[in-house]
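Number of protein chains: 2
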Amino acid sequence: MNIVVQKFGGTSVRNLECQRQVMQKVLRPYREGNKVIVVLSAMAGETNRLLSLAKEWSDNPDPAEADSLVSTGEQISCALFAMLLKQQGVKCRSVLGFQAPVKTDCAYGKARIVDIDETKLKAMLHEYDVLVVAGFQGCDESLRITTLGRGGSDTSAVALAAAVKADVCEIYTDVPGVFTTDPNMCSDARKLDKIAYDEMLEMASMGAKVLQIRSVEFAKKYNVTVHVRSTFSDEPGTIVTQEDESMESVLVSGIAYDKDQAQITLVHVKDQPGVSAQIFSPLADQKILVDMIIQNPSKDGLTDMTFTVPRADVDQTIKILEKLKYEIGYEELTHNLNVSKVSIIGVGMRNHSGVASRAFRALADENVNILMISTSEIKVTCLIDDKYTELAVRTLHKAFSLEEGNHTE
Amino acid sequence: MNIVVQKFGGTSVRNLECQRQVMQKVLRPYREGNKVIVVLSAMAGETNRLLSLAKEWSDNPDPAEADSLVSTGEQISCALFAMLLKQQGVKCRSVLGFQAPVKTDCAYGKARIVDIDETKLKAMLHEYDVLVVAGFQGCDESLRITTLGRGGSDTSAVALAAAVKADVCEIYTDVPGVFTTDPNMCSDARKLDKIAYDEMLEMASMGAKVLQIRSVEFAKKYNVTVHVRSTFSDEPGTIVTQEDESMESVLVSGIAYDKDQAQITLVHVKDQPGVSAQIFSPLADQKILVDMIIQNPSKDGLTDMTFTVPRADVDQTIKILEKLKYEIGYEELTHNLNVSKVSIIGVGMRNHSGVASRAFRALADENVNILMISTSEIKVTCLIDDKYTELAVRTLHKAFSLEEGNHTE
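Taken in order, these protein sequences are the chains called A and B. All the letters of the first sequence, read from the start, carry residue numbers 1 to 409 under full-length UniProt numbering. All the letters of the second sequence, read from the start, carry residue numbers 1 to 409 under full-length UniProt numbering.
This is chain A alone, in the form it adopts within the complex:
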């Protein structure tokens, strides 16, 4: 049994006309003799409409009830789409989270998929040619409805593909695929034919919106081939898959950036054991994501501690640390909102040195000052003044010849 999984977002199913277009996408693999699992989101705007009802009803809506409430969005889009498809003579049915079943933990609003029962899905695929599955939702052990959090339909699709061992999981989106960098930032940006899971994860964590990060983790874990492609054309998009030799021969696959950052410095912190924990534990407790951290060399028993947080969390971060001023024992707290992160990403870096230094040189040639640096096996990130973001992205894109599809020299 050849199985294709296809996922369409809220914009793609927002009205009858759009659903008719989606139907054409579904009929292609169906007519080629594949069984198709179509994963749908709620019609655009519906989830927000329901959430605002919840806010009207309660200052602090019960999360389990909120999940039961918003899950109706996908229930509606799936029932309607199945009607449409059935009218074309396709043997199909809608499948809700509890019917599949997509079993999750009971963390309402941000549940994690625990298990998808292959047996039941396979049985349904024997009876029906197309299953129209509600994305974003599942059920916990007691059969209560859960949701996977925003963008969870991507994860639903990948998890279903993993469960039934689908040939491919196609994620339809409003862009043609994954690009070497943001085309709005750099007109030379090129669509990638292929990208490794780890690279995609780094791109996603830097704010590339094309795939939800958890869906990529899932795809990597279960080795699901994901095809990110456009709802508006039949052109192939980008395959997200396991690292292979051809990828390793590419030094850098993409340039990502994140303007949503702020830099905070604690001046003249006492350099003594435990001080890092004193600073960062209370931030972690408030779920503030501290990213780059630099501790200057100590001088007279004092050091400066610099780190980045999402810009939206700056005020809270400052408030927390000012309360702890005497406990931590620093002299001054400064912050800088005008910073951004620019990263070069590529699995090819693992086996090649000199990538970081080539990046630094290219930025220096354009007089872009680097405020902080952090590196991982497959990523080099520079914090820079945010007015240089576009210049830095273009410079690095050019430096690694990404417009051409660069290969190891």
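Treat the hints with caution; some may be incorrect.
The list treats identical chains as interchangeable, and a pair is accepted whether it falls inside one copy or across any two copies.
[Claimed, not checked] Pairs of lysine-lysine, DSSO-like flavour, derived with a Cα cap of 27 angstroms:
#: 1; residue 1: 55; residue 2: 25
#: 2; residue 1: 91; residue 2: 55
#: 3; residue 1: 299; residue 2: 387
#: 4; residue 1: 91; residue 2: 194
#: 5; residue 1: 299; residue 2: 91
Please keep in mind that the hints were generated in silico from the structure rather than gathered at the bench.
Take the given structure of chain A and dock chain B to it, following the hints.
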């Protein structure tokens, strides 16, 4: 464990303000220490909105998908109401058809309840003080969502009350209870304190809208005490319950009428065996509900056959019978749209003669001509010219002193 079941319709839950009023009704038995099962309909207008979406999507919407679609209406009202209640500190949760579970057959759109699992509901009632259950919906064996047909929430409430052996099933509505007759037709109409199941069934089958007929059948079968009462006051309404002696001492409990009737006559039908089947089988096949039937005494081997059908089915009835004109062998088909049925109903009739003749005399005194008569153990129905409906209802109401609460003389 004392359990109260309460059912509220779509108008009662149509917005936040209305739901707050419903909450007060729920908090009353809750504060008295009862466990409460609240059965809700979809917010007014929502079911029709969803059905019109279905019609837009498909000329002939798949019934199973339509059920999954419209069941979201109750899912939304229940989730919101549970949020509201939870905010008041009440231990509560919403319960959908598949979660209760309310097991039905798979006649989508008009499913019948097969079984409600008492064990699971009782376990939930141990954990929660109030269960907010979605009315109108259930699930079939394969866990697909079903709906019970219009007004099915009444049946859900009664069935749940039967399953958990509730002390009472309160059906909240926009009228204060069940009346001796339609108060819009007769200002002397009096609210009944009590009515027997069989009487309520006859009233409902004559178009009294206060309770869905299947819910009354269910209540009778499982001996559930139903309390029909007003959403807008705290006054007691009408108890629908088993026949008892006090009821039998009442000759007539109510006067019902049905203006939605038409009379059809086949003139000069050959009076031979099988002719009734020839006429009525094809009508039954098309689910046309033939009610009163009269066959005149035969003369020269010919008879006239007169019967009533719902007015909406007249055209189809005529079409069917005209096609069969030569097969049946009648001379002429006439019809009369200007007729209505008026009935006197009461379990007390069983043990008392003279009720019918008293009714005929009262109508005759007012010069109301009776076109057809049919009687059952607890009902006498007269077909009359529909312009006399109001007069007939008032005359009969007066004749049996219903404004006073009549007793056997």
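We went through each hint and held it up to the structure:
1. In this assembly of identical chains, the alpha carbons of residue 55 and residue 25 lie at most 27 angstroms apart only when taken from different copies (23 angstroms versus 36 angstroms within one copy).
2. In this assembly of identical chains, the alpha carbons of residue 91 and residue 55 lie at most 27 angstroms apart only when taken from different copies (20 angstroms versus 40 angstroms within one copy).
3. For the homomeric pair residue 299 and residue 387, neither the shortest alpha-carbon distance inside one copy (32 angstroms) nor that between copies (106 angstroms) is at most 27 angstroms.
4. With identical chains, the CA atoms of residue 91 and residue 194 are never at most 27 angstroms apart, being 34 angstroms at best within one copy and 52 angstroms at best between copies.
5. In this assembly of identical chains, the alpha carbons of residue 299 and residue 91 never lie at most 27 angstroms apart, being 74 angstroms within a copy and 59 angstroms across copies at closest.
Checked against the numbered hints listed earlier, the structure breaks hints 3, 4 and 5; every other hint is satisfied.
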